[in-house]
Amino acid sequence: MIDKTAILGENVKIGHYVVIEEDVLIGDHVEIGNHVTIKAGTIIADHTTIHDFCLLGKAPTSNKKMARKPVVDLEPLYIGENVTIGSHTCLYQGSVLYQGVLVADMASIREKVCVGEDSIIGKNVMVENNVVIGQHVTIQTGSYVTAHMVIEDEVFIGPCVSSSNDKYMASRTKPLQGPIVKKTARIGNNATLLPSVIVGEKAIIGAGSVVTKDVSANQVVIGNPAKELEK
Amino acid sequence: MIDKTAILGENVKIGHYVVIEEDVLIGDHVEIGNHVTIKAGTIIADHTTIHDFCLLGKAPTSNKKMARKPVVDLEPLYIGENVTIGSHTCLYQGSVLYQGVLVADMASIREKVCVGEDSIIGKNVMVENNVVIGQHVTIQTGSYVTAHMVIEDEVFIGPCVSSSNDKYMASRTKPLQGPIVKKTARIGNNATLLPSVIVGEKAIIGAGSVVTKDVSANQVVIGNPAKELEK
Amino acid sequence: MIDKTAILGENVKIGHYVVIEEDVLIGDHVEIGNHVTIKAGTIIADHTTIHDFCLLGKAPTSNKKMARKPVVDLEPLYIGENVTIGSHTCLYQGSVLYQGVLVADMASIREKVCVGEDSIIGKNVMVENNVVIGQHVTIQTGSYVTAHMVIEDEVFIGPCVSSSNDKYMASRTKPLQGPIVKKTARIGNNATLLPSVIVGEKAIIGAGSVVTKDVSANQVVIGNPAKELEK
Numbered sequence: 003m004i005d006k007t008a009i010l011g012e013n014v015k016i017g018h019y020v021v022i023e024e025d026v027l028i029g030d031h032v033e034i035g036n037h038v039t040i041k042a043g044t045i046i047a048d049h050t051t052i053h054d055f056c057l058l059g060k061a062p063t064s065n066k067k068m069a070r071k072p073v074v075d076l077e078p079l080y081i082g083e084n085v086t087i088g089s090h091t092c093l094y095q096g097s098v099l100y101q102g103v104l105v106a107d108m109a110s111i112r113e114k115v116c117v118g119e120d121s122i123i124g125k126n127v128m129v130e131n132n133v134v135i136g137q138h139v140t141i142q143t144g145s146y147v148t149a150h151m152v153i154e155d156e157v158f159i160g161p162c163v164s165s166s167n168d169k170y171m172a173s174r175t176k177p178l179q180g181p182i183v184k185k186t187a188r189i190g191n192n193a194t195l196l197p198s199v200i201v202g203e204k205a206i207i208g209a210g211s212v213v214t215k216d217v218s219a220n221q222v223v224i225g226n227p228a229k230e231l232e233k
Numbered sequence: 003m004i005d006k007t008a009i010l011g012e013n014v015k016i017g018h019y020v021v022i023e024e025d026v027l028i029g030d031h032v033e034i035g036n037h038v039t040i041k042a043g044t045i046i047a048d049h050t051t052i053h054d055f056c057l058l059g060k061a062p063t064s065n066k067k068m069a070r071k072p073v074v075d076l077e078p079l080y081i082g083e084n085v086t087i088g089s090h091t092c093l094y095q096g097s098v099l100y101q102g103v104l105v106a107d108m109a110s111i112r113e114k115v116c117v118g119e120d121s122i123i124g125k126n127v128m129v130e131n132n133v134v135i136g137q138h139v140t141i142q143t144g145s146y147v148t149a150h151m152v153i154e155d156e157v158f159i160g161p162c163v164s165s166s167n168d169k170y171m172a173s174r175t176k177p178l179q180g181p182i183v184k185k186t187a188r189i190g191n192n193a194t195l196l197p198s199v200i201v202g203e204k205a206i207i208g209a210g211s212v213v214t215k216d217v218s219a220n221q222v223v224i225g226n227p228a229k230e231l232e233k
Numbered sequence: 003m004i005d006k007t008a009i010l011g012e013n014v015k016i017g018h019y020v021v022i023e024e025d026v027l028i029g030d031h032v033e034i035g036n037h038v039t040i041k042a043g044t045i046i047a048d049h050t051t052i053h054d055f056c057l058l059g060k061a062p063t064s065n066k067k068m069a070r071k072p073v074v075d076l077e078p079l080y081i082g083e084n085v086t087i088g089s090h091t092c093l094y095q096g097s098v099l100y101q102g103v104l105v106a107d108m109a110s111i112r113e114k115v116c117v118g119e120d121s122i123i124g125k126n127v128m129v130e131n132n133v134v135i136g137q138h139v140t141i142q143t144g145s146y147v148t149a150h151m152v153i154e155d156e157v158f159i160g161p162c163v164s165s166s167n168d169k170y171m172a173s174r175t176k177p178l179q180g181p182i183v184k185k186t187a188r189i190g191n192n193a194t195l196l197p198s199v200i201v202g203e204k205a206i207i208g209a210g211s212v213v214t215k216d217v218s219a220n221q222v223v224i225g226n227p228a229k230e231l232e233k
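Protein chains in written order, with our numbering: chain A, 3 to 233; chain B, 3 to 233; chain C, 3 to 233.
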């Protein structure tokens, strides 16, 4: 079902049982799998591939209990050139994926997220709202990127890394601040990052560590709580 | 494909490529997205929203190796008023969601689960069978709720929290018992709860903690194994 | 949409909005749910059940940044007899599931994976490429199986267990080696396994442990880093 106001470029391939809503803009040489829904206004640039069972351009939702209501007037979702979007993914309105990004299967990216060139968002990675991810970043399978987190260029985040942004856990009065991970820092699998910690440039966080305070540039930390590795 | 025995209320909106099986009952002002399957007998109350790619009312399955076979004669899935069900979710037969509940994208809820009013089941949260979740509970993205777990009213569970219920790991002879989390307790991200631990009222579990024994009311614990925070 | 070159056995049930591509081979008494895509060449043996929203036989993808390009000439996906594939799953080309396997909802299995008879791949479990999983293995909900990992027969992996294979985190020069888990070993929930560790036969890893070095047969380890349990 392709709405008549949608604009499709040259040589676009579209699978079976696809829904493309009003005012969607699709560039040249785009491939779209089966069972895909593209919500109103979404923009997809040239040479991009969308796999099966994707939902693109979803609007945020909320319930009565949610302290922080989602923003209402969002820009459309913008997906750049040469991007690949895996199967069973869900990408929200108001986010931007620059060229060459790979979003793997079953990942989710909420509103007001920016993903820089050639970065990889791994399988089943959940990226919350208001996140900035630099260029050439790798976030491996199953990691969790909390809202208001910053991940600079060339950072490597291993699998199953967890982050949070609410020191007082649902106190509802303090501002939320996720971790800030500086350029080329590396984080081992299943590490835990507490709210607002800063991980310095080229720092290394060992697998399974619990990072409760800032880590300096070039520092290597391990353990629970994470401490500098003895040499 | 809407079965002719399904009953739809007034002002129901249904997307494209939707399957509604026999004897489904849908209230007034319900919105159903694209690519949704609603299994036989499911009941959806007024003013509820179902997003794209949902599977509602699934029956349990098993294989030869599974020690504990699923129950066969389950009640239909019941989804109350003003509920929101995110995209790519899977909800089983025999569960009840009370009014105002939000189930976020990619979450799963198995059979014999009860979710109280206005509670939030976060993105990619997996809730196993035979779980009781109270009112105004928040379970954040990526947490895992094991079978036979109890979560009382107003509990806050941060992201990526893990729980288990089988002290002997597949011994197959002992009864399963998940953790019991008392009213308004708060659990930090990526914490690990061992089988049958009791987390007392207003207790706080630090991020990344491994809770190996009961935590008293108002106690604050951190570390691996989790111990009372020194003041 | 069933391609005319696909071959279907006797008594095959197919749901609504299903796509079956060229040269797919489906045995007798197979049941296929709604909203399913089966890619070219996939083979499904007798008495197997495929639930809704599955993608079977996906080809690997990559982007410019990925150091290790996926293999191109893969065998088709082979799914054996009496297998059950849960909803919203994604299984790649070049993998083999032996008879009696259960792949639960929202799980993912990449290319060059072998899953032995009657093993269970739990809900939301992500299995990467080049993994060998033995017979009668249980991998519970939300666990992560890294590439180049070996899991022998009758191993029990609890929920939310994490593994990794890249000691130098994206150095791109060393070979990747995941953990090797020997027969009947048991791993508690949310444990972290570092690259290339060997977990011996009948060893037990406590919940929340961080396994930084090899664990001997019959050893019981807990903590961060994991150490032998004092008796």
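Worth flagging that the hints you see were computed from the coordinates, not collected in a lab. Careful, some of the hints might be misleading.
Capping the alpha-carbon separation at 20 angstroms, the derived lysine to any residue pairs in SDA-like fashion look like this [unchecked claim]:
(1) C/Lys184 <-> B/Tyr170
(2) C/Lys229 <-> A/Glu154
(3) C/Lys204 <-> C/Leu178
(4) C/Lys184 <-> B/Glu156
(5) B/Lys169 <-> C/Ile206
(6) A/Lys169 <-> B/Glu156
(7) A/Lys185 <-> A/Glu232
(8) C/Lys15 <-> B/Asp5
(9) C/Lys184 <-> C/Gln137
(10) B/Lys185 <-> B/Lys169
Away from chain C, derived, C-beta distances all over 10 angstroms, residues of chain A [claimed, not checked]:
(11) Glu12
(12) Val14
(13) Gly17
(14) Leu27
(15) Asp75
(16) Glu77
(17) Leu104
(18) Pro161
(19) Ile206
(20) Asp216
(21) Asn220
(22) Ile224
By construction, the Cβ of each residue, glycine as well, lies at the ideal position given by its N, Cα and C atoms.
Now for the hints, and whether the structure bears them out:
no.	hint	verdict
1	C/Lys184 <-> B/Tyr170	holds (18 angstroms)
2	C/Lys229 <-> A/Glu154	violated (35 angstroms)
3	C/Lys204 <-> C/Leu178	violated (25 angstroms)
4	C/Lys184 <-> B/Glu156	violated (42 angstroms)
5	B/Lys169 <-> C/Ile206	holds (12 angstroms)
6	A/Lys169 <-> B/Glu156	holds (17 angstroms)
7	A/Lys185 <-> A/Glu232	violated (24 angstroms)
8	C/Lys15 <-> B/Asp5	holds (17 angstroms)
9	C/Lys184 <-> C/Gln137	holds (12 angstroms)
10	B/Lys185 <-> B/Lys169	violated (24 angstroms)
11	Glu12	holds (23 angstroms)
12	Val14	holds (18 angstroms)
13	Gly17	violated (7 angstroms)
14	Leu27	holds (23 angstroms)
15	Asp75	holds (31 angstroms)
16	Glu77	holds (24 angstroms)
17	Leu104	violated (4 angstroms)
18	Pro161	violated (5 angstroms)
19	Ile206	violated (7 angstroms)
20	Asp216	holds (20 angstroms)
21	Asn220	holds (15 angstroms)
22	Ile224	violated (8 angstroms)
Going through the hint list in order, the structure does not satisfy hints 2, 3, 4, 7, 10, 13, 17, 18, 19 and 22.
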